[in-house]
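Engineer: This is what each chain is made of:
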Amino acid sequence: MEMGNNDRAGLSRPLDVLGNASGKRVIVHLKSKDKVMGVLKAFDSHINLWLDDAEVQSEDSNVKIGTVLVRGDSIVWVSPAK
Amino acid sequence: MEMGNNDRAGLSRPLDVLGNASGKRVIVHLKSKDKVMGVLKAFDSHINLWLDDAEVQSEDSNVKIGTVLVRGDSIVWVSPAK
Amino acid sequence: MEMGNNDRAGLSRPLDVLGNASGKRVIVHLKSKDKVMGVLKAFDSHINLWLDDAEVQSEDSNVKIGTVLVRGDSIVWVSPAK
Amino acid sequence: MEMGNNDRAGLSRPLDVLGNASGKRVIVHLKSKDKVMGVLKAFDSHINLWLDDAEVQSEDSNVKIGTVLVRGDSIVWVSPAK
Amino acid sequence: MEMGNNDRAGLSRPLDVLGNASGKRVIVHLKSKDKVMGVLKAFDSHINLWLDDAEVQSEDSNVKIGTVLVRGDSIVWVSPAK
Amino acid sequence: MEMGNNDRAGLSRPLDVLGNASGKRVIVHLKSKDKVMGVLKAFDSHINLWLDDAEVQSEDSNVKIGTVLVRGDSIVWVSPAK
Amino acid sequence: MEMGNNDRAGLSRPLDVLGNASGKRVIVHLKSKDKVMGVLKAFDSHINLWLDDAEVQSEDSNVKIGTVLVRGDSIVWVSPAK
Numbered sequence: 001m002e003m004g005n006n007d008r009a010g011l012s013r014p015l016d017v018l019g020n021a022s023g024k025r026v027i028v029h030l031k032s033k034d035k036v037m038g039v040l041k042a043f044d045s046h047i048n049l050w051l052d053d054a055e056v057q058s059e060d061s062n063v064k065i066g067t068v069l070v071r072g073d074s075i076v077w078v079s080p081a082k
Numbered sequence: 083m084e085m086g087n088n089d090r091a092g093l094s095r096p097l098d099v100l101g102n103a104s105g106k107r108v109i110v111h112l113k114s115k116d117k118v119m120g121v122l123k124a125f126d127s128h129i130n131l132w133l134d135d136a137e138v139q140s141e142d143s144n145v146k147i148g149t150v151l152v153r154g155d156s157i158v159w160v161s162p163a164k
Numbered sequence: 165m166e167m168g169n170n171d172r173a174g175l176s177r178p179l180d181v182l183g184n185a186s187g188k189r190v191i192v193h194l195k196s197k198d199k200v201m202g203v204l205k206a207f208d209s210h211i212n213l214w215l216d217d218a219e220v221q222s223e224d225s226n227v228k229i230g231t232v233l234v235r236g237d238s239i240v241w242v243s244p245a246k
Numbered sequence: 247m248e249m250g251n252n253d254r255a256g257l258s259r260p261l262d263v264l265g266n267a268s269g270k271r272v273i274v275h276l277k278s279k280d281k282v283m284g285v286l287k288a289f290d291s292h293i294n295l296w297l298d299d300a301e302v303q304s305e306d307s308n309v310k311i312g313t314v315l316v317r318g319d320s321i322v323w324v325s326p327a328k
Numbered sequence: 329m330e331m332g333n334n335d336r337a338g339l340s341r342p343l344d345v346l347g348n349a350s351g352k353r354v355i356v357h358l359k360s361k362d363k364v365m366g367v368l369k370a371f372d373s374h375i376n377l378w379l380d381d382a383e384v385q386s387e388d389s390n391v392k393i394g395t396v397l398v399r400g401d402s403i404v405w406v407s408p409a410k
Numbered sequence: 411m412e413m414g415n416n417d418r419a420g421l422s423r424p425l426d427v428l429g430n431a432s433g434k435r436v437i438v439h440l441k442s443k444d445k446v447m448g449v450l451k452a453f454d455s456h457i458n459l460w461l462d463d464a465e466v467q468s469e470d471s472n473v474k475i476g477t478v479l480v481r482g483d484s485i486v487w488v489s490p491a492k
Numbered sequence: 493m494e495m496g497n498n499d500r501a502g503l504s505r506p507l508d509v510l511g512n513a514s515g516k517r518v519i520v521h522l523k524s525k526d527k528v529m530g531v532l533k534a535f536d537s538h539i540n541l542w543l544d545d546a547e548v549q550s551e552d553s554n555v556k557i558g559t560v561l562v563r564g565d566s567i568v569w570v571s572p573a574k
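For the record, the sequence lines run as chains A, B, C, D, E, F and G.
In this text, residue positions in the first sequence follow the working numbering: the first is 1, and each later residue adds one.
In this text, residue positions in the second sequence follow the working numbering: the first is 83, and each later residue adds one.
In this text, residue positions in the third sequence follow the working numbering: the first is 165, and each later residue adds one.
In this text, residue positions in the fourth sequence follow the working numbering: the first is 247, and each later residue adds one.
In this text, residue positions in the fifth sequence follow the working numbering: the first is 329, and each later residue adds one.
In this text, residue positions in the sixth sequence follow the working numbering: the first is 411, and each later residue adds one.
In this text, residue positions in the seventh sequence follow the working numbering: the first is 493, and each later residue adds one.
Here are the simulated BS3-like cross-link-like pairs (lysine-lysine), alpha carbons at most 30 Å apart as the crow flies:
#, chain 1, residue 1, chain 2, residue 2
1, F, 441, C, 199
2, A, 24, E, 361
3, A, 64, G, 523
4, G, 525, E, 392
5, C, 197, B, 106
6, C, 195, A, 35
7, C, 195, D, 270
8, D, 277, F, 445
9, A, 33, E, 392
10, F, 474, C, 197
11, F, 441, D, 277
12, G, 516, G, 556
13, C, 195, F, 443
14, E, 363, G, 556
15, G, 574, E, 363
16, C, 228, B, 146
17, G, 556, F, 434
Hints in this document: simulated from the structure, not taken from any laboratory.
These numbers were taken from a predicted model, which means no experiment stands behind them.
Modelling step: build the complete structure from the supplied sequences, incorporating the hints.
Structural biologist: Structural data, given as structure tokens:
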């Protein structure tokens, strides 16, 4: 009951969400409230993300930016696009 | 009286809350004031969280996002759903 | 006069406040201005806290949340309830 | 002229302010603009503080909270009470 | 399925976006909402950037600044100019 | 041209500003916009400062506080008083 | 194509901007939106800066401060003056 490590989850780790989504489209919610959508090419332990074919969606615009490096500490959450 | 380590608590650690909640539904309160609800699949020492079957609840919307990685440093608290 | 270590305080350390409060009710003031009250079950060096039987008090609500993990870097101060 | 270490200050270190104030009343100014006053019982290198007989002074209230752990990264400055 | 490392992405790493863009024009979006455009001369693991022939674009101005060092922790994302 | 270490500056380091100012009056500008003036008694690598004979100047007040420990991460810049 | 280290940039590093500017006038843009201009005397890996003959320019004032230590984490970017 007090073990509390993540063995219970079959040794999966939270960043596996990114491993499983590599090569697929993801939605990234930023602390700035903007969203970045793109194809996940690479990530690291800081959750720095390399996205291809990306676009940035802010309150009043939607801009295609192609390839982008998103700095991990700007990110609130990342979700594979449905 | 001056020991002050957490032996008194039977060697339990705060992240055991997450270990005990693995596979169960949790509520995550973010610094942005949004909430994320989902089934806890995995976590790490930074409190990065992998949630499945998740939805994000903000002041004026409730959006289903499926699988999500929530970055630990965006989180205020996490509680198992009742 | 220039020693300045905390030997003068009999080797007590600030986190002993939490060790002494284990199993007792504490009040946690968050950077968000919300308060969390609950029974302190466990803590670590980051001041991550496991609280049981907890409630969150914000400006206009008071919600019972049961068990909760509060992330240390969201916390301003923690005080044993009187 | 280019030495620039703090040998010139007789090997004193900034946290000696806290060592010298142990057992005495201090005023703690928080990033939130609140102040906490109390008797300094212990501190560590993060400037986490254990205060006894403490009170919190905010713009419109003054609340006695007894013993408190103040998280170092919430603090702007600490001064021994005169 | 649970591997989750970035081998799937052919050992590419997110900062390769910067390696690939060296000597080319990039757009840097800052947390302050300003943008800096310039030719990427060098970068490090903190995403500190050396830009040449740079200009800063804020809401109401566009200023040429020549060479600039942008501190990594001010950056939200970096994208090669199209 | 590409060396870029600070040997060119005769091995001086930025914190030498504080070493050179020890025992002298300094002005400290805080992120909160307040200023603290006092005699620099000691500092460390985090730019935590021990000031004696200090006063805090905010927009609408000027308060003498005597001895003070200013936490380094609250500081924008420090300058010897002229 | 996937190397992505900064060898392509001839082993230059972003902080070389500061090495090259030592002894010259630089403009420092702060997160507070203020600017500091001065002669760069020394810097370190945190981008803490020692400036001589400095002045601080805020929205409504321009104050000469002489020698100053600017804390690295307050800085957005640094550019040699033209």
